[in-house]
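Sequence lines, in order, name chains R and D. Just so we're aligned, residue 1 is where the first sequence starts under our numbering, counting upward by one. Just so we're aligned, residue 1 is where the second sequence starts under our numbering, counting upward by one.
Worth flagging that the hints you see were computed from the coordinates, not collected in a lab. Note that this is a predicted model, so its numbers are computed, not measured. Some hints could be false.
Here are the simulated lysine-lysine pairs, DSS-like style, with alpha carbons at most 27 Å apart [as the list claims (entries may be wrong)]:
#	chain 1	residue 1	chain 2	residue 2
1	R	K48	D	K122
2	R	K44	D	K122
3	R	K47	D	K122
4	R	K80	D	K122
5	R	K50	R	K80
6	D	K287	R	K84
Covered, in the sense of this in silico footprint (three residues per stretch, anywhere, with C-beta under 8 Å from a C-beta of chain R), are these stretches of chain D [said to hold, decoys possible]:
#	stretch
7	124 to 136
8	172 to 179
9	219 to 226
10	257 to 267
We put the CB at the ideal spot given by N, CA and C, even for glycine.
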Amino acid sequence: MKTIAQFLTGIIMLWSSMVLSAGTQYDLRVDGLSCPFCAYGIEKKLKKTKGVDAVEIDLEQGVVVVNTEEGVKLSEAQFKQLVKDAGFTLRSMTEKPLP
Amino acid sequence: MLKSAWWLLATLLLTNGMAANVIAAPVTFNTALPVSQGEVLMRVQAKYLRATNDPGPMDRKLTVTAVPLVGAWGITSRWTLFGIVPLVDKRLKTNTPQGRVTRDTSGLGDITAIARYTAYAKDAPGRTFRVARFAGIETPTGSDDERDGLGELPRPLQPGSGSWDTLVGIVITDQSLDQEWGADASYKFNSRANDFEFGDEARLNVSYHGRIGTAGPAGGIPHFIYAGLEGNLIWQDKNRNNGMDNPDSGGTTLTLAPVLQYVTMRTVTGAALQIPVVQDLNGNALKQDYIATLSLRINI
Chain R
1 MKTIAQFLTG IIMLWSSMVL SAGTQYDLRV DGLSCPFCAY GIEKKLKKTK
51 GVDAVEIDLE QGVVVVNTEE GVKLSEAQFK QLVKDAGFTL RSMTEKPLP
Chain D
1 MLKSAWWLLA TLLLTNGMAA NVIAAPVTFN TALPVSQGEV LMRVQAKYLR
51 ATNDPGPMDR KLTVTAVPLV GAWGITSRWT LFGIVPLVDK RLKTNTPQGR
101 VTRDTSGLGD ITAIARYTAY AKDAPGRTFR VARFAGIETP TGSDDERDGL
151 GELPRPLQPG SGSWDTLVGI VITDQSLDQE WGADASYKFN SRANDFEFGD
201 EARLNVSYHG RIGTAGPAGG IPHFIYAGLE GNLIWQDKNR NNGMDNPDSG
251 GTTLTLAPVL QYVTMRTVTG AALQIPVVQD LNGNALKQDY IATLSLRINI
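Looking at chain R on its own, in the form it has when it is part of the complex:
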């Protein structure tokens, strides 16, 4: 019984550490992205942000996907300001842990 408890505790701790240390994927719906040349500004702005690992833009869908490094969290307010500084408008945002 004690062995099983120790095993389960170990699994839970390992799972917790993986969840806590994994990065996050943010899907930003950005209004105003209307040409490839304009998209570069927001990509550059986001890539300069500390902790941002990757940025991908789907121009046709108006979606910017931002992946952050392990343990880095960015708030909606931060993204709103970054998108505004790039000259666009953040409509909405969703986030999920990276696999």
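Following the hints, position chain D against chain R.
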């Protein structure tokens, strides 16, 4: 008379679209599209103007080649600062009492600084509508006392105007993924230098660009190909020399320009050919044939 239409032609060439046109947008004039805060864009153009339609006996033939270098810096998401450094080469062939002569000059033109403020922005999915105001000053950095074997070159043939000039304007841009239209209106107040004053200028420009194709690598940001038409209506007041109007200067010109652009994330490559459809110039002014423009914009 030599001073008559040269300045209008040179102005068309050197200030046409120089103000703030550094984003995917019209080739021949401004845009209200954003420059991200802290970011820098560059644009270089090669412009070639030819004017050989001389109604007078002097059989003037003017060619102007210009390379305006433009840098744009996003101070904030609404404020953008532009610097325009033109390099020019002007060449005039004309009949004189001494026979047919060629007079030419080249060098740095007048550097212009412009501030643009986005007064209104309405963003939607895949679309943006913007209205911006701009104001600028043209500084007398170009030489205005060049000489050749016949003496001092006429003022319009000089690389610089010698005067401090100001301009104000408004630009509207509506861009979606498939098309873009734009319009701008501006007024330039030319001042006097060395007892000579070029006439003020008013401009009204419109453009329409439609996406005709998509290219580029699979995945990532596609490349857009645009085709369009741009129109430029320019009015210039008469020049004044020693306080007197020059009756052979100023007038109204309307040009139409087919435009082709290839837009990627880092560059915009474009070409335009401005063809005059109306040239209602005062007096015995030299009329232009065309202005050809090649343009490259780069996201730094």
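Checking each numbered hint in turn, tell me which of them this model violates, lowest number first.
6
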